[in-house]
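In the order they appear, the protein sequences are chains A and B. So for the first sequence, our numbering puts the first residue at 1; every next one is plus one. So for the second sequence, our numbering puts the first residue at 1001; every next one is plus one.
No lab work stands behind these hints: they were computed from the structure. Warning: the hint list may mix true and false statements.
Simulated coverage check for chain A against chain B, where a stretch passes if three residues somewhere in it have a Cβ under 8 Å from a Cβ of chain B [to be verified]:
(1) 75 to 89
(2) 142 to 151
Listed next, with one range per pair, are the computed distances between beta-carbon atoms [claimed, not checked]:
(3) A:V115 to B:P1298: 48 to 56 Å
(4) A:A174 to B:P1268: 44 to 52 Å
(5) A:L24 to B:P1069: 28 to 36 Å
Positions of the beta carbon are idealized from the N, C-alpha and C atoms, including for glycine.
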Amino acid sequence: MLISQRCSFFKRGDSIMEIYLFFLFATSAVASAVAMITSRDTVNSALFLVLNLVSIAGVFLLLKAQFLAVIQILVYGGAIMVLFLFVIMLLNLSSEENLLNRFSAKYVVGFFLGVIVLSQLLYAIADFTGTLPNFSPGIEQVGTVEALGDELFSTYLLPVLITAVLLTAAVVGAILIAQRKLTGKENK
Amino acid sequence: MDPLLFSTLVMFAVVLLFLLPSAAVAVYAERRVSAFIQNRYGPNRVGPLGLFQPFADVIKLFLKEDIIPTHANRVLYTLAPMIPVTTAVITVAVIPFSEHVYITDINVGILFLLAVASLSVYGVTLAGWASNSKYSLLGGLRAAAQMISYELPMGVALASVILFASSLSVVEIVNSQEMWWNVFRNPLAFIIFTIAVFAEANRSPFDLVEAEQELVGGFHTEYSSMKFGTFFLAEYMHIVIGSMLITTFFFGGYHLPFAGYWLPEMGPLAKSILDIHVFLAKVVFWAFVFIWVRWTLPRFKFNQLMRLGWARMLPLAILNFVVLAIILYHI
Chain A
1 MLISQRCSFF KRGDSIMEIY LFFLFATSAV ASAVAMITSR DTVNSALFLV LNLVSIAGVF
61 LLLKAQFLAV IQILVYGGAI MVLFLFVIML LNLSSEENLL NRFSAKYVVG FFLGVIVLSQ
121 LLYAIADFTG TLPNFSPGIE QVGTVEALGD ELFSTYLLPV LITAVLLTAA VVGAILIAQR
181 KLTGKENK
Chain B
1001 MDPLLFSTLV MFAVVLLFLL PSAAVAVYAE RRVSAFIQNR YGPNRVGPLG LFQPFADVIK
1061 LFLKEDIIPT HANRVLYTLA PMIPVTTAVI TVAVIPFSEH VYITDINVGI LFLLAVASLS
1121 VYGVTLAGWA SNSKYSLLGG LRAAAQMISY ELPMGVALAS VILFASSLSV VEIVNSQEMW
1181 WNVFRNPLAF IIFTIAVFAE ANRSPFDLVE AEQELVGGFH TEYSSMKFGT FFLAEYMHIV
1241 IGSMLITTFF FGGYHLPFAG YWLPEMGPLA KSILDIHVFL AKVVFWAFVF IWVRWTLPRF
1301 KFNQLMRLGW ARMLPLAILN FVVLAIILYH I
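Could you build all of it, start to finish, from the sequences and the hints given here?
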């Protein structure tokens, strides 16, 4: 009895939840993009870019493009940005500018004002509709791995094969470079 | 988005309440097992058999002074320990405990797991950088290099698992092992995957991220109190998660060996209870193997680690994938 009531609550609350999630991801995507450009510290910039990529992956998820969302995090968020960070840390480009120095009364008051404004905003957008398009059942299937795979391995077979050969060649090249014996004074 | 069901939330709470204490149990198990291997007693003073030792450890960690180095990046320094814990908790979302007991079954399950695993690199890397200490930085950079290198063989090994299940959903992969576990059908990928999981969890023999002879404590040299405790928690959570992944992908998940041939039909409740116990027994076994390996094998050197990852495991994994794909295509 109780469980079924709760169930219906979550089902009813679903669309509001989606709108809140959309605003969360959209705000964080825009904010992190702005922060990425404005921050002086290169490491912070790179981290804001990661946050930006993850937020956009969230928007992809709301648009029913699961495969794209996961690949975005896997390739860009996880692999490429780690390499970026790696290079930045090795070059040690950081010019520290302490923006957030200490807790003072100003920040505490600002925090509570921010919470009040945020709660008003959340209350205001609760009735908001039309942020996300209505999905027909056909469209919902387009972003799945199965649909994408079908399309890639039938219509776009040749481009996929060419890309696969290219990427495999790159990986084999990397392995060959790793295996090459160093000649010269390092060779011992 | 599918409707968020109440049962999903209940499962989430149950799994969280299972995962968090499991790390504490793993710490106790590590200390007892290492003591057994080294022929000594281990912690046996706090409570019967020293069973309350984890509580004492946590209280000690909480009461320690929390130090942030003077020139450290305070925000990142505080944020860094939370990342590995978060990724460990997120991972459990797609792991099935029984045929019907799981938080969610998404059709990109494996990609999701790889994506989350790739994000956990940030924790150690940022911790190393934000501490503003040379030992920490070197430890963090080593961690990043190691994790990136071992993600590749891990991904290719998993790709050959997908060949058998012809699905990216984790539940489908477990169900495809009802007759034959993947460890019998695909032993090479099992070995590669296990080595990669050990490397991803930064466990010995791949723990040169925190090699104490050269790097003091590695990326967590400067950390103290509960911030260090969080890293500690994350390490043991990753052991539990790693055991779950090996079990799920290669040891049949919740299936008994060759269960499809001899296991009689059972009611859904009885089957679920059996499944969960089978799964947990396998996880406990693999957690034991993690500890066993740490206390018996010496550590790799960094160049050996890189050569093993790039020049040995990756070509083997690719070859294994191609050969299996050809065989499966012709069957």
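* What are the numbers of the hints that this structure violates, sorted from low to high? -> Result: no hint breaks.
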